[in-house]
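Chemist: Okay, here's what each chain looks like letter by letter:
There are 2 protein chains.
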Amino acid sequence: MQINKNYKNLAQSYLFSTVAKKVAEFSQKNPDKKIIKLGAGDVSRPLCKAVTDAMHLAVTEMGTKEGFHGYGPEQGYDFLRNKIKNYYKRRSVELELNEIFISDGAKSDLGNILDLFDKDNTVLIPDPVYPAYVDTNKMNGRNIEYIDANIENEFLPLPDKNLKGDIVYICSPNNPTGAVYKKSQLELWVKWALENKALIIFDAAYECFISDDSLPHSIFEIEGAKKCAIEFCSFSKIAGFTGTRCGYTIVPADLEYEEMNLNKMWVRRQTTKFNGVSYIVQKGAEAVFTEQGYAEIMENIEYYKNNALVMANTLEKHGIWYTGGIHSPYIWMQCPNNMKSWDFFDYLLENVAVVGTPGLGFGKNGEGFFRLTSFGTYEGTKEAMERIDKLLK
Amino acid sequence: MQINKNYKNLAQSYLFSTVAKKVAEFSQKNPDKKIIKLGAGDVSRPLCKAVTDAMHLAVTEMGTKEGFHGYGPEQGYDFLRNKIKNYYKRRSVELELNEIFISDGAKSDLGNILDLFDKDNTVLIPDPVYPAYVDTNKMNGRNIEYIDANIENEFLPLPDKNLKGDIVYICSPNNPTGAVYKKSQLELWVKWALENKALIIFDAAYECFISDDSLPHSIFEIEGAKKCAIEFCSFSKIAGFTGTRCGYTIVPADLEYEEMNLNKMWVRRQTTKFNGVSYIVQKGAEAVFTEQGYAEIMENIEYYKNNALVMANTLEKHGIWYTGGIHSPYIWMQCPNNMKSWDFFDYLLENVAVVGTPGLGFGKNGEGFFRLTSFGTYEGTKEAMERIDKLLK
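Residue numbers (the numbering used here), protein chains in the order written: chain S, 1 to 393; chain R, 394 to 786.
If we strip away everything but chain S, and leave its shape as in the complex, we get (with noise of 0.2 Å):
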């Protein structure tokens, strides 16, 4: 039998590994000293009620001959489906239920939408990025191209004429920089697009997060999309579903390339490699969706952008520059005295027992810069502020 010789080609992913040993070596050091991570991309806040009362509901159902459901469509049920069309048309998006595929997360779907393509394309995936982009399509011995993403396009990177490739990756707001496209810049990738018959994959993982109402929350929102883009979105982050797992992927029913249509191909991929997601989460999914449900989730959103409040004035304070934050669970901030990640990591932990991200474990243009994360407690999040306002005094 012969491996998928692509595994030799990925790089082992140190990033959240190292982090983890440095913060244990400097704990067993410091017994007394604690410790507040702002560092990982999980959430805090518990599921609201709203959910919980729906996925109770649905065990009890699941226990009764009656309410007891068996295998579930693969694209996910209709009550769901339906609620997420809803949720797309607040911002003047038309969907068909076809077009809706329920996923246990969009890392999952991220991964498995990569069956439906040659492995002879190539790849544009901004630098810095979420690690998964690149890993996905090293397994299928796909090539890469990297586009710089850096402070001069304020981690924002365009097309122009010269780029060429076949599918790219645009995650708005940006994990890990916070960065948000706006409209006309969007519609600049989805004009690439076209002309170059390219797939955007668009990940909309944290669109919950954008303040501003100007800025578009799905790729659909702009002219054309529907002709070139799959959008992946997730109920982890707008509620709290990181162990609950349930997401949702869009695929327009229109979507062709060499006279093959896409949505058709991921129907079929889904009914052979995948059963649907459980019915009590999707249940529970849905009910973020009430009125109950939506005023909920807001209130926790709104608790997480009050942590990103305070990190954003104590580094404004200090004049560091930073993107994120406003439309984003995630800061991005210039490491300060130009100081490398690393460098600013272990300074961090050492001096005030702080745990954020290197920028350099997502790439290198990520060398000099730092991730911190809004998904702590407010009360974590103010003292770690105060102790690092005291220490660049």
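Careful, some of the hints might be misleading.
As the list claims (entries may be wrong) - Result set (SDA-like, lysine to any residue): computed pairs, CA atoms no more than 25 Å apart in a straight line: (1) S:K119 with R:N402; (2) R:K512 with S:T377; (3) S:K49 with S:T377; (4) S:K138 with R:K657.
To be verified - According to the in silico footprint, chain S covers these stretches of chain R (three or more CB under 8 Å from chain S): (5) 461-471; (6) 491-500; (7) 652-665.
What the hints assert, rightly or not - What follows is a list of derived Cβ distance ranges for each label pair: (8) R:K415 with S:A253: 41 to 51 Å; (9) R:Q405 with S:F79: 48 to 58 Å; (10) S:A11 with R:A417: 47 to 57 Å; (11) R:T515 with S:E299: 37 to 47 Å; (12) R:A417 with S:R90: 32 to 42 Å; (13) R:A404 with S:R90: 38 to 48 Å; (14) R:E489 with S:N82: 51 to 61 Å; (15) R:N555 with S:N6: 54 to 64 Å; (16) R:E684 with S:R90: 46 to 56 Å; (17) R:E684 with S:M339: 54 to 64 Å.
Keep in mind that the hints were calculated from the coordinates and are not lab data.
Ideal Cβ positions, reconstructed from N, Cα and C, are used throughout, including at glycine.
Model the placement of chain R on the given structure of chain S, informed by the hints.
Modeler: Just chain R now, kept in the frame of chain S:
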């Protein structure tokens, strides 16, 4: 953008849609006739109390600050992996925790595992077979060769010295035939795989139906299998999780091909393209293995087995050849009077309003055979058999 052209080579899957269409037509013409469905592989008994109790507790936890669980380990929580480790111990199979991967169902992992293998492998698939084995490999463009399963080998094909191949699928107890390999027969397959440096994909989804203690539930009951096999199992049939979604995959720690460790490759695949199974679902699955839970699920299995017995008795009374039923929820019967699969389907539907699955839908060797499932209600199964008994007199 170039699409994966292998999708063009996929045959449309007409089996269950054709069945549904014929049933709908019959129903419209005969609105007064009560149709009994013994066709689908879905369960009908609700989740047991131990499972729903555990899930209620988990849902409540997820709504509290202290009990909330965010991202879990992609490989699954140790509380569930430990229970599976113990479950294998009852059959004297020793597993390490890191050999056990919790999945959202056997179907997902049976497809996803192919990520680890080169396109240039020859895949051996028994005919008749669960159609997903074929399609998932065709999606990658692998060469498939079929192994004949038929009445002569009791639908349990064995390797001979001329057999060549890199990957072989074994499903025991089998879907669709319900046939179960003996230990001595699986030993031949393990010997063949080791000699040919081939890999066995062992689908154990129906192991819980085995009634005879001498029959193997796991390929790892066979010496040497940890050097040549991966096993897939599921809570769908043992505990009615078809709509709740949980399974597990065993990748031995020492499984190596071409100097690459498959366990490590699978960890890399899962941490990159998967984010674990819902905490709530894993807590439900854990409860399957409590004393109360196990007693409750076994009651359901006995219920289905009794249905199978009712079917078997009817077939024996009429001298109809069949396999399965005793160690499986499926009965695989020869169509009486040399009828073809679809003719017998029509004959049953039109004369006694009973629905089964034509064997031809599972491969060419299925022609002349018919699958009945025991997952219906006792009352429905009994009535269907009374109708068939009268019809065949």
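Chemist: Of all the hints numbered above, which does this structure not satisfy? Sort the numbers upward.
Modeler: 2, 8, 9, 11, 14 and 15
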